[in-house]
Structure formats: structure tokens, C-alpha cells
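Respectively, the protein sequence lines represent chains P and L. Quick note: the first sequence uses my numbering, first residue 1, plus one each step. Quick note: the second sequence uses my numbering, first residue 1001, plus one each step.
FYI, nobody ran anything at the bench for these hints, they're computed from the structure. For each residue, glycine too, the CB sits at the ideal point set by N, CA and C. Mixed in with the good hints there might be a few duds.
[What the hints assert, rightly or not] If you only want the chain P side, here are some residues facing chain L, beta carbon under 10 angstroms, derived: (1) Ser25; (2) Ile28; (3) Asn104; (4) Arg106; (5) Ala108; (6) Pro264.
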Amino acid sequence: MQDSTDTHVNGKRWTLDHPELGTGSLPITPYLSTEYFERERGKIFSRTWICTGKKVEEIPQPGDYLVLDIAVGKTSVLLVRGKDGRVRGFHNVCKHRGNRLAWNDRGACGTGLTCRFHGWTYASDGRLIGVPEEDMFFDFDKRDYGLSPIATDVWEGFIFINLDPDPPETLHQYLGEVVDLLRGYAFDRLPLSWSYTAEQKCNWRILRDSQLEFYHGKALHQQFAGKVMINKQQPSCHVLDAKLFRRHSMMSFYGDRRNTQRTPMELLMAQFGASFKTFPSARDMDRWPLGVNPTRSRQWFFDIYYIFPNFHLVILSPFLFVAHTMLPETVNRSTWNARGYFPQPTTAAETVTREYNKCLARDVWLEDGSTLENTQRGIESGVLSHYPVQDQELLIRHAHKVAEELLASDGQAE
Amino acid sequence: MSDTSLPEPFTDLEPLAAVWALATETERNQQRLSSTMAQIQAFYDTLLPRMEAVLTYLSTFPPEPPDALPQKARRLLYLALAMAEITTAVELHQQPSVPAGFEPRRFIPDHERMER
Ligand code: FES
Ligand SMILES: [Fe+2]
Chain P
1 MQDSTDTHVN GKRWTLDHPE LGTGSLPITP YLSTEYFERE RGKIFSRTWI
51 CTGKKVEEIP QPGDYLVLDI AVGKTSVLLV RGKDGRVRGF HNVCKHRGNR
101 LAWNDRGACG TGLTCRFHGW TYASDGRLIG VPEEDMFFDF DKRDYGLSPI
151 ATDVWEGFIF INLDPDPPET LHQYLGEVVD LLRGYAFDRL PLSWSYTAEQ
201 KCNWRILRDS QLEFYHGKAL HQQFAGKVMI NKQQPSCHVL DAKLFRRHSM
251 MSFYGDRRNT QRTPMELLMA QFGASFKTFP SARDMDRWPL GVNPTRSRQW
301 FFDIYYIFPN FHLVILSPFL FVAHTMLPET VNRSTWNARG YFPQPTTAAE
351 TVTREYNKCL ARDVWLEDGS TLENTQRGIE SGVLSHYPVQ DQELLIRHAH
401 KVAEELLASD GQAE
Chain L
1001 MSDTSLPEPF TDLEPLAAVW ALATETERNQ QRLSSTMAQI QAFYDTLLPR
1051 MEAVLTYLST FPPEPPDALP QKARRLLYLA LAMAEITTAV ELHQQPSVPA
1101 GFEPRRFIPD HERMER
């Protein structure tokens, strides 16, 4: 399983495995153009599965619901668990005259959701069940006015929606190889432990790209990651593995956690609970999901899984992962939700170790966040017409091609 | 005893608790950002040698909700959480805030709302 140097980084340039992607620079237009953004809205966000970032356990009981405003889909989405246990999605729009149905961003509708305007009531499966003064309508049948459904499905607890009324493929078909690669990971056992949301005045691709490569690790996250990333044999190489799928992609990164700064608090935290700078026990690595540290390197830092177009999973250990959900609002505004999933503390001391990991992750994300609006301003200046793409930025290159293919596909763009 | 005290072995940390034993991440982060590096360093240097004992003590209590803890233990927990908050300032950044970082006020901790 291990080679003599105990690292699988071999100086290879992964981009060259994919001649169809080329090695050229990428255009800036997709980051700036309103016209391009409208095409993305019509052919990407209105037609592919997009991750809400929410998990089924956030609406545990029948009748529990969440409301998400999906600006890029020009709609508000109601996710509700039915009496049968199933999670369904609907347009949060009353079918009488179109008022917003649920007003809170989360809640429970035991006996149904009632519109404030004229009092129509809907069941948790979307049926219209109550109409005041129903006898005063004409040729009226309640069955014609149930909530408009949105295709909704679940993978490993994550709720996805598809704004296409008739999606050409199921969520599991859409996810493809990723399903098998990550099957068996502790998605169902790690609770949501922290969640940050930030509105960013930048195009969604700037946000997306910022978590799609780790070329920036040694510079932007120098204090956190710089030492871990040092690779004496191959100083420029940090990629253990890269897999490009039809839509999605993954990259596995080298890191020697023994090089991590053994700071006093780091050592204490590792003593009392889980710390993500400490390498997890490699003993049972063979039993990890195939897609987690796929090369089974002992010098593994983390894996990025990019679920096109708006969801990133960053897997740092069997007991810690991060999920980024990114959604455009307009061509130059986006929402970023960054979440950490970490073992449930069993003592108050472990509450402290969780806090330590949370604050560390938050500060690293504040570093990431510092680049977003500055990059937007930079490209709005018109100085760049294209940009060069390094080998470690391969997933950005691939994502651009995936988007171009979807934009070129048939079908009306809204 | 009032809820402004710490458990018996840690009463000498009272001056730190008076400033840092705050109930939420937002308050603790605010305290960090409005302190000088000298104040943060003094907090770290004073608490660090006691931190192992603090965590050993907290290991005997359930994790949450904090209301489930006796008042003194809860206050010690808040002090330890503040230590977790300022650790990056001391061990990574050598300054109170993330250097050139995104504005913390715009990076909204949703988990605080979910916990309520
Ligand atoms: S718009 Fe909802 S009841 Fe009339
Ligand atoms: Fe980053």
C-alpha cells in the first residue's frame, strides 16, 4: 500500500491526462457578462440538480419545513417533510393569486400551511385542503390547485432540487461515480456543527473557484497550511489524485500533518478530542470509502469533491468534513454558506475542542473571503481578458468546459 | 455564591473570566477583535498552563446545552471557549484579527441562531 517515500506525489502534471481540455488560458467573460449569466440561469441553474446545502435531519418531523429563496431560479422553495416521511419541494407560492405561502425560513405545519392573504390551506404533501367560502368559486376543484412541485431528491442526507419540471435524469444518475466513491462515509453520523453565511458582491464563479483549487494554500493560508504542504521531493506538486467525471470532479491533496505546527493548544486539543490537523489513525484506512484518500497515502491532507454546479465537499478525515453551498443572486452577487460537520461532543471538554476547530476553520474561510470581492473589482477593471490555469487548478478548467457544454446544449434558455 | 464565580480550583482565574467568560461566539469574537494583542497574549499566557486542568475538569460534565451545566462550570466552559476563540490570534496570526481577512461581521454564524 505504501511506497518507500510514503508519498504518491510524483511530479506528474494531471492536466496532460485530459488533452480534450487543453492547456490554454480561460476567458474572463463568463465572470462578468450579464448575457452569459442569463444563459447560465436558463441552461445550468434551471436545468441541473442543485444542492440546497440543507440536510434531511434539519426537518426531522412530518410537517417540518424550510424555505429557501433561490434567486437564480426566481423562486422561493418550500422543502417539507410529509406524513409519509418523504421530503418534498414546492414553489412557495399560493396557487390562488400567488402570495408567498410560508413566511418563516423554517417552521412546522402540523395541520397544514395557511396563506395569509385569503386563508387557503395546504397539506404537507402539497394538496390544497382548505378554501374559505369555497362555494363562492365557479367550476372549482381543489385538486387543480395543489402547490406546484419542484423535483427534490436526497443523497447522503443532502437535499437537492431541480427547477426543471421534468428532469432528464435522476439525482443519482446525475451524481454518477461520486455515489459509489463516497458510499460509507459518515455523512449520517456527523452532525452539523457550524454554519456561516456571507453575501458576496461577486460573480458566483469567483466564489466557486475559490474553493475549487488549493494552489492558494501555501500563500493565502500560509500559517494554517504552508508547513503541511511542504514536499521536499517535489516542491511544486501537491496533487495525489484527480478524477474528472462527466459533470463533477475531485482532487486529493498531499499534506504531511507531521509538519504541522505543534502549538500548545493544538496538542491539548488533540489530547481531549478530535483535531483536524492531527492525522487520523491510518490503521483502518483500508476500510475508508474508496473515494476518501483514494491513493491511501499516509501523507494525505484532504479531498475536494465538486458537485457541479454549486456544491463542494471537503473531506479532511473520517470524522470531519466541510460543505460549501454557493448560489448566484445576480451576475455580481452571490451567497456562500460554509458548514462544518464534526463529531457530537460527549463532554464539555469536547465542546471546547469543537470550538477550537470551528474557529480555525472560520479564520481560514475569512482568508478565502478576503479574495472574493477584491477579485470581482479586479476583473471589473477590465485589465484581464483571460487567465492562465495551473495544474492544481485543473478542476476549474474542467468546470468551465462542463458549463460550456451545457450552455451549448439544445433547449430553450427560458 | 453568585454566578460570577468559577469552580473552586480555578477561582484565581476570576479576573480573566470577568472579561472573557462570554456566552456566544459573536460576543467572544467581538471581545477578541476589540482587545489589544497584549491583552490577548496575557489571557493566553495566563490560561495556557491551567488549560489541561480546565479541560480535565470539564470532561466530567455533559456537553450541552450549556444550561445543563452548574453555573460555575458553565462559566469555566465559556472561559475555555474564549481560549479556543483567541488561539488563532496568538498561534497563527500574531494579531487580533485575520490579516487582511474578510469582515467577520459579514460572516454570519447561523449556528448561533439554530442553537436557540
Ligand atoms: S393568494 Fe393565497 S389565499 Fe389568496
Ligand atoms: Fe482556501
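**OP:** List, from low to high, the hint numbers that the structure doesn't satisfy.
**Re:** Hints 1, 2, 3 and 5 are the ones this structure does not satisfy, whereas the remaining hints hold.
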